[in-house]
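Residues per chain are reported as follows:
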Amino acid sequence: MIDICLFCNQPPTRYWERTEEDGKNDGKKQKEGDNNEQTPQQNNTRTKKGGNGRSIYPFPGSAPVPEEKLKKFRRGVKGELPPRPQYKLRDVVIRSEAASDLAQKQNARYDLMLPEDAGFLEGDEDEDTCTISQDDIVDAVDITAGAKYFNLTLSQFGPYRLDYSKTGRHLLLGGRRGHVTCLDWQSKQLMCEMNVMETVNDVKWLHSEALFAVAQKKWLYIYDNKGIELHCIRKFNDVLRMQFLPYHFLLATASATGFLQYLDVSVGKEVVAICTKAGRLDVMAHNPHNAIIHLGHSNGTVTLWTPNQREPLVKMLCHQGGVRSVAVDKTGTYMVTSGMDKKLKVYDIRAYRPLQSYFLPAGASCLSLSQRGLLSAATGDIVQVYRDVWGIPVTKPYMAHRAKGSVWGVHFCPFEDVLGVGHGEGFTSMVVPGAGEPNFDGLDANPYRSAKQRQEWEVKALLEKIQPELIGLDPSQLSQVDHSTWEQRHEDRVQVLGFDPLAKEKFTPRLKTKGRSSSGKVEKRKKQVAHEDQRDVIRQTVEDRMKIDKERKEKEKKKAAAAGQKSALDRFRK
Amino acid sequence: MCLNNKLSEGDKINLSDLIGTLDKTPSALIKTKKQLKNLQHNQSTLETPLTRKETEKIQREVAFEKTSKEVSRWQSVVLQNQKAEQLVFPLNQEPSGPKRIEHVVAGWKAQTPLEQEIFSLLRMNKQPLHDPVLTPTEEASLRAMSLEEAKIRRAELQKTRVLQSYYEAKAKRGKKIKSKKYHRVQKKVMRKEYLKQFDEMVKTDPAAALEELKKMELSRMKERMSLKHQNSGKWAKSKAIMAKYDDGARKAMQKQLEVNKDLTQKLVIPADEDEEDEEESAETLPDFVNDVEPILDQVNPWMRGKLSTEPMMEESNRLDPPVWPREVGKPGEGQDEQEEDEEQMEETEEESLLRGFEERRKLRQTEDKAEILEISDYDEEAVEISDDDEEAGLSNFTSLFHGLVNHMEPPADQPKAGPGLRQGESPALLEEGLVRVRTLEDVELLSQDISTSDTALLTTQILGTEETDTQSATQQADKKRKKMIDPNEVLTKEAKVIEMPLAPTAVEDVEDKEEQRVIIKEAFAGDDVVSDFLKDKRKQEEAGRPKVIDLTLPGWGEWGGLGLQPSRSKRKRFRVKVAPPPPRQDQKLPNIIIAEKRDSSIAAHQVCQLPFPFEKPIQFERTIRSPVGRTWNTQNAVQKITAPKVVTQLGAIIEPIAREDLIKDNRQAVTGPSINLESDQGPQKKRRSQQKKQHKRKKN
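Those protein sequence lines, which keep their order, are chains A and B.
Each residue of the first sequence is one higher than the one before, starting from 1 at the first, in the working numbering.
Each residue of the second sequence is one higher than the one before, starting from 1 at the first, in the working numbering.
Warning: the hint list may mix true and false statements.
[As the list claims (entries may be wrong)] Here are the simulated SDA-like pairs of lysine to any residue, each with C-alpha atoms no more than 25 Å apart in a straight line:
no., chain 1, residue 1, chain 2, residue 2
1, A, K504, B, E615
2, B, K496, A, A563
3, A, K88, B, P611
4, A, K88, B, L662
5, A, K166, B, G629
Hints were generated in silico from the structure; no laboratory data involved.
All chains should be built: construct the whole structure from the sequences, respecting the hints.
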């Protein structure tokens, strides 16, 4: 009834009005699908049409995207538009800006909603979290989480090195005395177990859980998950440590003879063998951000390598003794090293600046960084886990656990709150709350993927394989123009043309009659123009500065407002 | 006729007869005469026809003009198509998707009662029934304005806009005029006009007049509320100081007050006496009488609140009232003088009175401060006496109290309260002693496992000695070279000791101090790790430095031979110095070596030639800054970003744009998706400024 009355009062609005619009749009182009997001005004008018009596809808337009999320998906910075005379360029730039804006906004809008929180351990009052034992944790948590703490007693062939697959489902163990086994550690299902009857230096999963590499006494071997030896790669001898670069399909190995070698596992060819001339290489890590290999040396230095250069990109002196272990965090911002001088150091590897330096009474032999930035350091038979080592200097570990034998390898399990510890007496899986990333990207590494999904992923990953030439300190370098070549070409062009088309036009005063073009006058005019230009520059800078000042003031004001509410004694202040 | 008649009579025709007829029609004769004359005068011959070449040229020109006009019609379409992000062919497509039921079903009639009811309702509301494209009202509205009408309306609008802009310009000009007199006159005129209008309004439209009155009342209220025209501003204060000596200043202030009075005057005039009384009372009583009496309870900060602007206000008030009546009584001068004298007398009296008040007030204030200080002193003494045990809460309170007290004291008054301050300093020291509490860290240190801390200390000490040794050694070695990195600067980060809850069992075996020392020695076997590294760095730096090319040849202008060196000047002359390379990246990082060699492997994958509209690399880089692929974007965004430039329908014939389409509407001929762009005001502004600049240059 009410509706009908309203209709009587209003100018007639009809049901086909909107469909007509839509039909037109569809006919014109298919691309208007996101219309309501781009034109909030349209929505405004629609909602306001309610007219007399009906209140205006309080949330017109599309829902706002939070600034933080937008920031997360920002790529590069916007610049000024080219001047209008260059209208073609201007059009192209405007269009690309619009496209990147759209992409950013949509990414922010469709980012993970209601993400899971990483847990953490909290002790009682005056109880350090590091004193909480694994058994206590297991008692407190549910059964499935409790099952993640387990010990494998393998005292015969230890000490063990270990590796988790990229999805975190599968565990690969390699005993020093030849015992190699891989298992689905969550269901404790054994996939294969064998003894290679040789010393095993290191084990590593390749791109999926179907293949793994074992660095044995002399050569490098590749097995499948049933334990069948697929390859024995004789070009890679005396390998001590291995790293796998998942997006490049490269297996990087460091050998006792001082060679850093790269094996392309997608085609089975050696990419490059670099003689580092730094002696035995038994410390190795890779930067997940830019796929650069970090090697630690006995002279206290850490060197950074790509397959494209035969000398280290960067050589950092980190310790006064030899380097014992290196780890790089997921974002490629921090590097943690430990050395024979019993120090643990944290570096910002973007600026090569030391951030923190800790003294560990016994020194750390193995380091590993989790996805959420927890650091595990093994000192003798004790595994310590630290939280936020690069922030406020820590004085105490977050967790600690005593393994049964001396620790040989530690590794955080991806997407799980689990730290795997390989030691002399076997393997221990520790529960470390807050270690793993709780929100996984199902298209990249899905812990719950089926065999079919794995196969599909494999094909896609191979198609998207990044060539080794693209490895460099700055991964965004590909999106930059090759400046040196461009400059060379430009110079050639200038030579051919006889002038520089890009050079700013120099001001030449017009010829004027009746003595107005005397040299003094000309000079004056020139000066005027120069002055005007300078004024423009100054104006611009002043405007910028004002803007910055204003922003800062606003921020301060906000801060003051936020701080002002805190103290109860503020009411006495005048 | 007459000729015939004559012929019939058989007479001879004379010439005179013929001329006679001519006489009868003179105009024709004149005309022919003129023509003949003209013919005689006009001796010019006809022009020879143009050569074939020239005629062709002219024809070509004309044809060119015509065709260019024809072709230039397409210009905008072409441009639009060039600019368009996407072109969809064939051009005039029928809209896909569901069609309206009315178009699909013809000859359908309402049959069921419900349908009939609905249709009757629709008919009642004048909704279209059969072919519901437009309602009658909509049709009417469409028909309402023809093209001519629209044009006329537009012209009108333009005119009004122009007039408005003229008016605005005029107003602006008027505003810029600095002459006070002009403005005064202007204002007067305005006021008069306004009054006239108001009077008229009272007669014609009393309601509106009442509104106006209300407005006036509102402005009065505003005036009363504000401090405007009350001689409280900066200017007024400066004038107030001068007022005693400067007649002009006094007048100016007077005027201000008058304005205030004018504005605050009530429109409906009340009884005069009351107002006067009020005024008198306001004049005789100084303002601070109304101030809150300082209460003895000094601890309560609420009670000591006082507006800082008050004294100034008082001053202005003090100065104002005596000046007042002087202006009023202008006509009788003799009387005036007398009055003035009297007033001055009054003034002096008042002033002295006021001064007395002021002094007393100041005295009281200083006393207050002294009291406060004293009280605080007492407090501290009490604390000193009573507190041997550490009571953080109390000390906190006292500190807070002190803070408040200090806050109350203006810094200028500090030297006055000399003894108080001296006493106030010592309490601060005392307070420090009181505040100091055992920190959490200390407690932790105490509770820490002694053995581990011991070992840690020991090792750090040993480390220290070792380091100093190496330092001294390297220092000696480095004295020779000038520009070098001090090894002391390398690895300077101080290490923080971390306590471990569990002592490592593996280390237990080597707990012997001596053995530990041996191990440490082993660790630092290459104790000149730092110097090695620095040597390496220096070597690299030197390798990167360009070498001086020596082109000197022996002989050539001087003796050459065994054991003879080319002369110094010659060597100097032929030595080619290469420009120094850009500073190394690791110049300021002592413990880092960054390879300067450029990695050229990626260059093969990079863009080295810019596509057409781009001129500078930075422009191009900006357009490729965000990735396009599915890995980084939503499906929707990918589709939009990678939409094809031309979309065609499979099997459809693409016909060229017809001329009719062009004439009909340019917009329909071209279909390009439009991305909503933000307003680009900034660039517009810039453009304008650039134009200005160009203009200026042209002038120059």
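Looking at the structure, which of the earlier hints fail to hold?
Checked against the structure, the only hint that fails is number 2, while the rest are satisfied.
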